[in-house]
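*Asks:* Numbering (this note's numbering), first residue to last: 1031 to 1231.
These aren't lab readings, by the way, just hints derived from the structure by calculation.
Some clues are possibly wrong.
[As the list claims (entries may be wrong)] Computed beta-carbon distance windows for the label pairs:
1) N1194 x T1045: 41 to 47 angstroms
2) G1139 x R1034: 21 to 27 angstroms
3) L1133 x E1036: 37 to 43 angstroms
4) R1163 x D1032: 38 to 44 angstroms
5) N1194 x S1117: 42 to 48 angstroms
6) F1186 x N1130: 29 to 35 angstroms
7) D1032 x S1117: 44 to 50 angstroms
8) F1186 x L1046: 38 to 44 angstroms
9) D1054 x D1083: 30 to 36 angstroms
The beta carbon of each residue, even a glycine, is placed where N, CA and C say it ideally should be.
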Amino acid sequence: MDPRLEEAAYAGNLTLLRRLLQEDRLLLHRQAIAAAHLSDSPLHIAASLGHSDLVREILAVNPELAHGRNREGLSALHLAAAQGHLSVVNELLQYAAAANLCLATDNDGFMPAHAAALQGRLDVLTVLLDACRESSRAVTSQGDSILHLTVKSNSFETVQFLLNTAGENDELLNSGDAKGNTILHLAVARKQLQVGIPDPN
């Protein structure tokens, strides 16, 4: 990556990015081709650090960068979701096909909603589930649902939100992960007795 482009991404320096694009209007297009699946793109860096203005500018020049993945299979949306950068998540969802972006999985089968759930990012998780309802039922390659990950993150508020949106007979309440653990098993094992999980019987 051009060191000046990398500097702009890390610093969130919109002025520098615009100057670089005036010098070379195809800079972001070439960067996307050169770095595909190898490293973090400028969009990955800006998204993970919460530089929403820079993210908006990058996407205005090349919206296809929203679909780029690094070597771990992470998109910019995964990184922004995990870090809780709601403004960046909203920018990314505006510039790409939201359903495709929300359903993209990393190398471990995590969607952006899984990344938000694991980190207890309730505001981001709410936006992602609104943009792509089907991600609420998806499981990772380890068999973890969003509810499993939320219990594992010890985020009581997020668990309560998901339980309130799930019906009492929702199969997610009784589904097991790869080891057969339901969310009730996980909550008891973690001594999360305040989690009000409905009795399946």
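*Asks:* Hint by hint, say whether it matches the structure.
*Replies:* Each hint, compared with the structure:
Between N1194 and T1045 the C-beta distance comes to about 45 angstroms, which sits within the given range of 41 to 47 angstroms. Restraint check, G1139 to R1034: a C-beta distance of roughly 36 angstroms breaks the suggested window 21 to 27 angstroms. With their beta carbons about 29 angstroms apart, L1133 and E1036 fall outside the hinted range of 37 to 43 angstroms. A C-beta distance of roughly 40 angstroms is found between R1163 and D1032, which places it inside the suggested range of 38 to 44 angstroms.
At roughly 25 angstroms, the beta-carbon separation of N1194 and S1117 lies outside the given 42 to 48 angstroms, and the hint is violated. For the pair F1186 and N1130, the beta carbons lie near 32 angstroms from each other, so the given range of 29 to 35 angstroms is met. Between D1032 and S1117 the CB atoms are about 26 angstroms apart, so this pair departs from the stated range of 44 to 50 angstroms. The given range of 38 to 44 angstroms is respected by F1186 and L1046, whose C-beta atoms sit roughly 42 angstroms from each other.
Separation of D1054 from D1083 is about 20 angstroms and departs from the stated range, judged on CB atoms against 30 to 36 angstroms.
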